[in-house]
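Visitor: If you want the building blocks of each chain, they are given just below.
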Amino acid sequence: MDQQRFWLLVSLKLSGEATREELLELDDLIQRNSETGLKHAVISGIWNEKAPLPDISHLFKSQVERLRREGELGEESIPSSLELQDFTPVIKRKSRLLYLLTAAASVIVIFFCWKFFLKNKTDMQHEIPLASNIITTQKGSKTTVQLPDGTKVWLNADSRIYYDENFKGDLREIQLEGEAFFEVKKDSSRPFVIHTSIVDIKVLGTTFNVKSYNNEDATETSLICGKVEVSLKSNPEKKIILRPNEKLVVKHGIGNEVIKRTIGDESALLLVKPLRKDPAYKNSLETLWIDNKLVFDSETLEEVCKKLERWYNVKIAIHDEEMKKDTYTAIFDGETLLNVLTALKMADKLDFTIHNNEVSIFAKK
Amino acid sequence: MKRVRKPSVDIQDLLIRIGERDDMTAYEKFYYHFYTPLFNFALSIVDSRQQAEEIVSDVFVKIWRSRKTLLKINNISTYLYTCVRNGAIDYLNRMRKHEIIHFSPTDYKDVFIELRNPSDHCISTDLMKKINDAINQLPSQCKVIFKLVKEDGLSYKQVAEIMHLSPLTVRNQLAIAIRRMGEILPEHIYNDSGSGKREKV
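Line order of the protein sequences matches chains A and B.
FYI, in our numbering the residues of the first sequence are 5 to 369.
FYI, in our numbering the residues of the second sequence are 83 to 283.
Simulated from the structure, these hints should not be mistaken for laboratory data.
All values derive from a computational prediction rather than experimental measurement.
We treat Cβ as the ideally placed atom computed from N, Cα and C, and that holds for glycine.
Among the clues, some could well be false.
What the simulated footprint calls covered on chain B by chain A, stretch by stretch (three residues with Cβ under 8 Å from a Cβ of chain A suffice, anywhere in the stretch; the number is not a length) [as the list claims (entries may be wrong)]:
1) 112-123
2) 138-146
3) 169-176
4) 254-265
Think about it this way: if two alpha-carbon atoms lie no more than 27 Å apart in a straight line, the pair counts; the simulated BS3-like pairs of lysine-lysine are [said to hold, decoys possible]:
5) A:K286 <-> A:K319
6) A:K242 <-> A:K311
7) A:K54 <-> B:K211
8) A:K54 <-> B:K154
9) A:K146 <-> A:K281
10) A:K54 <-> B:K239
11) A:K281 <-> B:K211
12) A:K65 <-> B:K211
13) B:K211 <-> A:K156
14) B:K144 <-> A:K65
15) A:K189 <-> B:K212
16) A:K319 <-> A:K369
17) A:K206 <-> A:K54
18) A:K255 <-> A:K231
19) B:K144 <-> A:K156
20) A:K54 <-> B:K150
21) B:K211 <-> A:K286
22) A:K172 <-> A:K255
23) A:K368 <-> A:K353
Pulled out of the complex, with its shape left as it was, chain B reads as follows:
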């Protein structure tokens, strides 16, 4: 039942077209598919938007330069995120001049998560705000995991590899995030939120 972000894009096909035919249209599609998730991930390591843009741009330049060998890469998603992570940590190191930092899980920036009212269930805006508040109070690493799995549709294994964690940690962190959301829901959702329901208009 996994919902892939954009099932209509056949990444493998794009890589072939980019690699064999220097196909700019395929490169454009590839860019549109990955840019926003990669940019958001970069923003969880560096705190300047401009810097995050630059890091991701570097990765796409790299992709174009190595287009002839892209098909040899095992998992292109994992590869892209790993490039972004490395680029971002390089940047942090340059900022600190000679002092090489070891990037630890607690070093992730506090990303903001904005969950949206579901389209097939009515819950009040007030309840939705409480859920958002709860999710945003989680530790930053947990929020980054949550985003990668929810928004980008990555598997636990991919997230584990990108973030240098064990898949079990990813699984536990995600369970914590979901439980935190679930615990906000009142026992009787519809009775408790009845007054706010029509406010969704």
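Bound-form chain A, shown alone:
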């Protein structure tokens, strides 16, 4: 292939100067060589990232001062309401826009809540007809697999993925129960779709984490880089697009009590939040588990225990109702269960006993 010609065509396309014939020629070259398609896509991606615009509001102020100094602004041309300090820079206006968008987003969230509960619950749970392959992890273990298309999957404890033999068809579909981290191989012609019992996630080629344990109260999709589109099983027409370093939290919310709470606070059913980081670690808290780090990020003792059960393959009983809502934040790097529990004991008012694989947690005497 003539490289020089290829990159000329790419440059014409990017700058919007390509003729119809040139676009067809480029498509044809890409069709015949899939790697060039990927290169073209990456260069386009870089091209489309625009440099950020600096805040120039102070410069505009001096510009207006200069016009005034030079007698260019007659008194009549400045309405008294528009005194200099009242000029709102565009940047600040954006925040007002943002406020409106937030309001709009809340409306959407409310809409989702309605849809979520109006739908029949059996509807939500409907399964996709696939899966001749199953990869599963037991409690206390993790694994990594490479799917037939080259996608890498890290599977956390007590999780399963189901997929069809060779990913035949227009979509690469898998079903997930539990938690997994994906590095999806780019293939723009065949999107990759992950089905969970709560959401469907559609991607082209990206890196992200999905946590969807049936015994937890929320399904989380955390995007590291690239782009994913999430749709709720209960309302497939609505799509939520995540940007890098964002996560979508969909509460499994059962019972009407959840709807009544204010939308926008932590108890909303649908939330987009930034990923959480600890300065000591390169990766976000949501994905530290693949580096064998056990993370509690202001999680209640109840949630902590569910994690411990999966991580160490033990049964844990909390014998004091009041303690269940106490929250813990910690990162453990390859520690034993005994060390983790001892740390919790030192930090707070709990005590514990371990017999074989059974842990009892109770209030310190």
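Given the coordinates of chain A, assemble chain B onto it according to the supplied hints.
Guide: Just chain B now, with coordinates in the frame of chain A:
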């Protein structure tokens, strides 16, 4: 498929409001739309930021002064960049006192281009650095063209007119820049950059 920098701003409408109603809010929007691209372009001719600021400020004063006739200008973008270019060359001439210089393409200052990791594809920071290094090794004129087309969304014809070049030169220079970036990519992007992918966090 051309991505215009800020499609939400209707320049023609702003010019009408500035010209007919002395509308300061419209002037402000106009200023925000053009200031940064013009400032960056000025910096590719003069090397002092303060001087570049002054040159662009002069152009905006000129715009306000001639606001009644702005609508008669054929292509306001080309006009603004040309004003900046002239202002910048005037400044260079003043610096050299009586010796009038002829500004040639090789006289552009070495602008720095910072490309960013694309949001819809994962490539390692290491690879991204290599691409940036490659693009920054290009001749200064080529980099100025690249910026005007990529960041400011100008057409080849506009760039050619502003920089006093032929559209064919603009087209060839841009193809060189894109090829230089493309050639850095390894044969198998994802395999080669796999280890660095998560570093984007």
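Visitor: Each hint: holds or not?
Guide: The hints, checked one at a time:
no.: 1; hint: 112-123; verdict: holds (count 4)
no.: 2; hint: 138-146; verdict: holds (count 4)
no.: 3; hint: 169-176; verdict: violated (count 0)
no.: 4; hint: 254-265; verdict: holds (count 8)
no.: 5; hint: A:K286 <-> A:K319; verdict: 32 Å, violated
no.: 6; hint: A:K242 <-> A:K311; verdict: 31 Å, violated
no.: 7; hint: A:K54 <-> B:K211; verdict: 17 Å, holds
no.: 8; hint: A:K54 <-> B:K154; verdict: 31 Å, violated
no.: 9; hint: A:K146 <-> A:K281; verdict: 23 Å, holds
no.: 10; hint: A:K54 <-> B:K239; verdict: 21 Å, holds
no.: 11; hint: A:K281 <-> B:K211; verdict: 24 Å, holds
no.: 12; hint: A:K65 <-> B:K211; verdict: 37 Å, violated
no.: 13; hint: B:K211 <-> A:K156; verdict: 25 Å, holds
no.: 14; hint: B:K144 <-> A:K65; verdict: 17 Å, holds
no.: 15; hint: A:K189 <-> B:K212; verdict: 22 Å, holds
no.: 16; hint: A:K319 <-> A:K369; verdict: 23 Å, holds
no.: 17; hint: A:K206 <-> A:K54; verdict: 25 Å, holds
no.: 18; hint: A:K255 <-> A:K231; verdict: 22 Å, holds
no.: 19; hint: B:K144 <-> A:K156; verdict: 59 Å, violated
no.: 20; hint: A:K54 <-> B:K150; verdict: 33 Å, violated
no.: 21; hint: B:K211 <-> A:K286; verdict: 19 Å, holds
no.: 22; hint: A:K172 <-> A:K255; verdict: 32 Å, violated
no.: 23; hint: A:K368 <-> A:K353; verdict: 5 Å, holds
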